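A.B. asks: Single-letter residue listing:
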Amino acid sequence: MPSLKSDQLTGSAYWHSLDELADTPEFRQFVAREFPNRASEWLDGNRRHFLKIMAASFAMAGLAGCRRWPEEQLAPYAHRPANRDPGTPVHYNTGMDLGGYGQGMRITSVDGRPIKVDGNPEHPFNKGGSDIYGQASILNVYDPDRSRSVLKKPAAAGDAVVSTWAEFAAFWRSHATGIADGQGVMVLSQASSSPSVADMKARLLKAWPQAQWFEYEAVSYDNALSGTMLAFGRPLRAMPRLERAAVVLSLDFDFLVGNPCSVKLARDFTAGRRLTDPATGALAQSMNRLYVIESGNSTTGSYSENVEHRMPVAAKDVLASLCQIAAELAKQGAALGAAIPTPKNHPLDAAKAAAIAADLLANKGRSVVVVGNRQPAEVHAAAALINTALAANGRTVEYFEDPEPQRPHHFAAISQAAALLHAGKVSTLIILGGNPVYNAPADLQFGDAIAKASTSIHYGDYADETAKLCSWHLPASHYLENWGDVRSADGLVGIVQPLIEPIFGGKSVIEVLALLIGDTVSSGYEIVQRALGLPSTGWKWKKSLFDGYVEGTAWSPVLPMPAGGQAASAITALLETFEKNVLSVHNLEIVFQQDTKLYDGRFANNGWLQELPDPMTRMTWDNPALISPKTAAALGLDPYKTKLVKLHIGGRELTIAPYILPGQPEFTVTLLLGYGRTQAGNVGNGVGFNTYSIRTTEAMDFEAGATLVQLDEDYRLASVQNHHIMSAPSLEAIGDRAPKLIQQATFAELLANPSLKHEKRVVVPLYEAHHYNTGYQWGMSVDLTSCIGCSACVVACQAENNIPIVGKHQVLMGREMQWIRIDRYFRGTDAHEPESVHQPVMCMQCETAPCEAVCPVGATSTSADGINMMAYNRCIGTRYCANNCPYKVRRFNYLDWNSGTLKDQYEVNLLRAPMNDLTAMQKNPQVSIRMRGVMEKCTYCVQRIETARVVAERQGNRRIRDGEVTPACAQACPTQALVFGDIRDKTSRVAMLQDQARSYGLLNDILGTVPRTRYLPRISNPNPAMGSAEYTGLGSE
Amino acid sequence: MSTTANVKLPVELDNTFESVIGDSPLVTGDASFHGVTEVVSHVSESRHPPKAWYVGMAISLSLLGLMGVMIVYELFTGVGVWGNNQPVSWGFPIINFVFWVGIAHAGTLISAILLLFRQKWRTGINRFAEATTVFAVACAGIFPAIHVGRPWLAYWLAPYPNIMRDWPNFYSPLLWDALAVGTYTTVSVLFWYTGMIPDLATLRDRATGRIKQIAYGIFSLGWRGSAKHWALLEKAVYLLAALATALVLGVSSTVSTDFAVSQIPAWHETIFPPYFTGGAIFSGFAVVLALAIPARELFGLKEVITKRHIDNLAKILLVMSSIVLYIYVIEYFIAYYSGSSFERFPYLNRLFGPYWWLGWGIMFCNGVVPQVFWFKWARNNPWLGVAVGILVNVGMWMERFTIIIISLHRDFVPSSWHMFVPTYVDFCTFAGSFGLFFTLFLLFCRYIPMVAMYEVKSILPQAQVHQHEPAAVADGAADAAPESGVAGAPTV
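Residue numbers (the numbering used here), protein chains in the order written: chain A, 454 to 1490; chain B, 70 to 561.
Misleading hints may appear alongside valid ones.
[Said to hold, decoys possible] Away from chain A, derived, C-beta distances all over 10 Å, residues of chain B:
1. 111
2. 219
3. 237
4. 240
5. 302
6. 392
7. 422
8. 452
9. 480
[Unchecked claim] Short derived list, chain A residues pointing at chain B, Cβ under 10 Å:
10. 618
11. 732
12. 1005
13. 1008
14. 1186
15. 1190
16. 1191
17. 1194
18. 1198
19. 1266
20. 1332
21. 1338
22. 1339
23. 1361
24. 1384
25. 1386
[Said to hold, decoys possible] A partial selection of chain B residues facing chain A, derived with a Cβ cut-off under 8 Å:
26. 154
27. 217
28. 332
29. 399
30. 479
31. 485
32. 487
33. 527
It is worth saying that the hints were derived from the structure and are not from the lab.
Keep in mind that this is a model prediction, so the values were computed, not measured.
Idealized CB from N, CA, C, for every residue including glycine.
Construct all of the structure, not just a fragment, from the sequences and the given hints.
C.D. replies: Here you go:
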């Protein structure tokens, strides 16, 4: 038995076994107290409650310490409930909130266990696509590190001890008597879109009029609200309608990835670049165009037309760039007035600024300027004014009244909250979600501030950094465990319904608020109905629950008019401040950026997201500081070896690993938030560097004045795509191959020659070819023009197919397991400022598959319907198939990834704990868990195909309809870049796309593998006036 | 001619020249029948082997133990204890497999092909070379077995009847490989053992202890030295030699199809069968050279493994080195000539990629170093021979590393390129395989006649007697008869 204590585990330890936990006093206490408590409750439980206890029993079973079969309580159905077939997946619609924005979700549940999260295809806002956060959120439900009980800090100093809700309720009853009008009570909440939370907030403030309520998010979208405040005199939510836009200018806005509204924005934007109508096969006659001015190298930047259309500038120069374009617009006749000053410096090439302005103006009413949340309010205001001049308002951008116009900016709120705490004006602090000790501005000393409050209550998913410092910690339920509601960015309300009883006895935030204010309505179910005004008896409630959203609750857009000259003076002032500051090697700019995977750090304990390669850096398990090659050279960083650097700014310092990322602006260091957690759990602890430690109220978004020195300390970054400077032949080979792998053309070229001179070469197969001309013939089309590299497919695949994570060490070894990878290549003659392109690569399901001939035991072969299958039971693991696969999409279980922890991977199997039972609950029962020594790879989600086949055969042996089967990746894809179906049916969408002359099979002309997954080339629509970006190939990988 | 039988030639006689009056003697020192028996049997019969034997055995057994521990660890943990990854799915085990299979080739070549070509000088070293074959095959056989992800199912490679009616995939070169190596093991063990029977009988007859008598007695299979025995033996040996000759050319060719049949650039090449066979013979001869020299020093076998043997081995090494070098050059040329960047890249990557030192290293060790044997002084310097033999084997191991790792680590799709870094388990298992080899080899030296006595005797001048020379008969009768000794014993 491993003798590790849970608190000694850091970093990459994944699910650690309960056996280890059992060694800790806390856990013994938990067992001693909580389990009998549950046992006494179960008699009057309902079905969900029963399942929860089942789950708990499973979890407890691991405690036996030996490998006996767990004891279970059985309660067989005497009468099977109606419409319930054991083992048959059922789907429920619900909603998920992230950073104050809701999304409609559809959950797959098997026997009372939710196992998969997807977008709700009927939801008017996100229409079925999903992002990595939604996809990965299922893993958090079954995270063994989630907070398992109420924790209470003893009066004397010491660690928190396990308590119960009853004990807390008793404490609160006596404590609440001292709260008369709420004086000294402060609620610090995380952002929530929920109308119920708003309702409970109103009730709390009514009960305690003197109480303070602050809302804080480390990754905030409030700059946009402040911007509209400046421009229009009131805070308005701007919602770009990119599907109506022909020309989009994005300013430091990674709108395609990582934003809570990304799914919608990406879907809308790529609607303008879906060049072949999958229904008719007709070629589009127009294509939208994207210009990006950005202070990092984002996925959205990589999606701009080409390197000439992506202009990296320092974050502080974004304003000047916009002003430069505004000046051009004014010059070309836009009705901008004098609102926007003319900059002294011109960060953009004059010709380019003119070209962008001309393009925006030429598409008046069909063009839009969008701004990222890290840019200050003034930039948002300037963009709003330009949009007004471009007649974009109400067309390509819609504005909604903010539901809480009086709410202070998140960054101001946290400062005020900290000030009140430090001043000793708060006796009772209630933290409702969020983790301010970790992510509040470092200069606020929030940890010390909490200590000033005599009573501090933390409510959250994890006993995190903040919980450790509070006198009470209350466990939150996951959104799949409770009733609630969400509002998407356009105001549409969605009902959150529970799929499982809270596994660890957590409560929802509205239930906790009801408990705190002594509300007579205490169940989440009733609170939601009361807040929405939808009684459960009404048809509307039932319909809304079924649909996943409440019809008619979306806000109506407003058409605001610019208000006063307030904006102009603010913009001028800020521009002057920025222009005075000149960046150099000794005056670097640091830019804080939400991580594309961990968001603000809340997903730090999610192994799928930790191991997901970043779309641009392809980095896993880390958040290096991103620096451009030129700046790195000027700073004397070792280009061959990663050595830690020390970053100094404003008296603070941070030791961090650098990563040289081509395409970064000069003298700008991008710092990703969300890492370096100390109390995240066994997955997230100690992973990466805590960049919040140098983020202060002075500069929450970016700040100049940093210096950086290299330390003589090596560090290993686990990037899944090698980045070290390669030898000349290798670079030449990449340059030669990448254009073959990722075929590219401009829209003009496509219109002139729809086949793009695609060569079809017939390669004579070694063995007799099978003719796939009966039944279904499955195939997939990947449109590189629509693929934004968001990686939702990768996580969706991981969730659907029970793909394990392997940890940083194994990623360094080159053994990551994801079945889909999103390759990223840099393209361009200038290695410092390349264009980056993405390509999802999964098993190509070759008809003449090289893997099949070489397997000595015939464990892999093509089915009659064209799927290259893996018989796990037959595989003995010679790995010859993986060698012979030219696409390198096969993944091998080098070690037993599914048992034990990431720490004891190299221990003899018999000594390792079996798979955690909680982890096992997430697994898709339709897909085998692969043992060590077995090869695996993409199967086109064959389990879904077979399920559909059974359904179709039972319905009179009909054919499976087009679109009836969707693999997890295609289902998740927000931009519908992946289309799956029967290629033999010439009317199917996939056949329409594959029959396009420009469609190509990867390396097919060289190897003759006849892949079933085919690509549509990446088409861009460059503006000729931006300069020609002619490349011979790729400069570097 | 009785005088010839009793002539004592100097042990360190330089017999490397071609004499105008005929072949220079192949046995030096006491070149009588009895002398040969004494020299060879002495090694097994002496009460204690030389001290160096104990030292060698201690080291070998430690390494063997290390291998055992590493294999048990790997079996119970997973093949991930090695450095293999995606894209380098094959690592040290396959390198080691090809390496040991290569070494295994010299023995059969020397015994079988040289036997068929009536190369008399081979008799001094053939037993010895066959032993290296058998032991090297033993080392080679372990690696593919432990290399698979689920070794307990490795028997699924065999085409055996089963209720699932599952047959292996006969398209797969791995299956061909398993069959080839299996055949090779069987034939080389049989060949080695069959040829050893008369000598085992000699040891049986000379044995003094009861255990030895019984043990040698069992293994000599009742050999009495009758003419019929001799006739049958000769038939069997020639048949096996003919089989083994085909195998020498076939086994490495088959091993090479593991690579040539795939479509990885720098694997998918028609030159691979001769390339692998040439390399195998090359490395095998290098091992025989590197082992024969210390063995003749250690066990006092200079009379039968003479300077001429070393000289001949060195010449063969020179020829093989030139062949291998030629193939290297051809590979590079064809890659260039193909006009395909996919074909050219792996070769450029060998010379200028991250493993450049291997690319150049094999050129140096295998192509340049053995060229020293153009000079007679080099061929006649035994310790230089050892050094070259070892260097060639280092070079040949690097060659297999180059073929397997460098070709895989950067193949078609650049995004999947990844370096291969071996782990301590890789190194320890490889080192351990030498433990296995040398343990077996040292046991062989101690307990089995290291030199084929009866074959050596057959090439002594006195074996070539004519009917009218009775003296030779007397000598032969006196010496050979009791010890069941001389092939083609003269008729009286």
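A.B. asks: Each hint should be assessed against the structure and marked as holding or not.
C.D. replies: Here's how the hints hold up against the structure:
1. 111: holds, 48 Å
2. 219: The assertion about residue 219(B) is violated, with a minimum of 4 Å to chain A.
3. 237: Answer for residue 237(B): violated, closest chain A Cβ roughly 5 Å.
4. 240: violated, 5 Å
5. 302: Given that every Cβ of chain A is farther than 10 Å from that of residue 302(B), nearest at about 38 Å, it holds.
6. 392: Residue 392(B) clear of chain A: closest Cβ-Cβ about 27 Å, beyond 10 Å.
7. 422: violated, 5 Å
8. 452: holds, 39 Å
9. 480: The assertion about residue 480(B) is violated, with a minimum of 7 Å to chain A.
10. 618: The hint is violated - residue 618(A) has no Cβ within 10 Å of chain B, the shortest such distance being about 44 Å.
11. 732: The hint is violated - residue 732(A) has no Cβ within 10 Å of chain B, the shortest such distance being about 33 Å.
12. 1005: Not OK, violated: residue 1005(A) not within 10 Å of chain B, min 48 Å.
13. 1008: violated, 44 Å
14. 1186: Where the cut-off is 10 Å and the nearest Cβ of chain B is about 4 Å from residue 1186(A), the hint holds.
15. 1190: holds, 6 Å
16. 1191: holds, 7 Å
17. 1194: holds, 6 Å
18. 1198: Because about 21 Å separates residue 1198(A) from the closest Cβ in chain B, which is outside the 10 Å limit, the hint is violated.
19. 1266: holds, 5 Å
20. 1332: Constraint on residue 1332(A) satisfied, holds at 4 Å.
21. 1338: For residue 1338(A), the interface hint holds, since the closest Cβ of chain B sits about 9 Å away, which is under 10 Å.
22. 1339: holds, 4 Å
23. 1361: At about 4 Å, which falls below the 10 Å cut-off, the nearest Cβ of chain B leaves the hint on residue 1361(A) intact, so it holds.
24. 1384: holds, 8 Å
25. 1386: Interface hint status for residue 1386(A): holds (3 Å vs cutoff 10 Å).
26. 154: Where the cut-off is 8 Å and the nearest Cβ of chain A is about 3 Å from residue 154(B), the hint holds.
27. 217: With Cβ-Cβ at 5 Å, under 8 Å, it holds.
28. 332: holds, 5 Å
29. 399: Since the shortest Cβ distance to chain A is 20 Å, the answer is violated.
30. 479: holds, 7 Å
31. 485: holds, 4 Å
32. 487: holds, 4 Å
33. 527: Cβ of residue 527(B) sits 45 Å from chain A, so the hint is violated.
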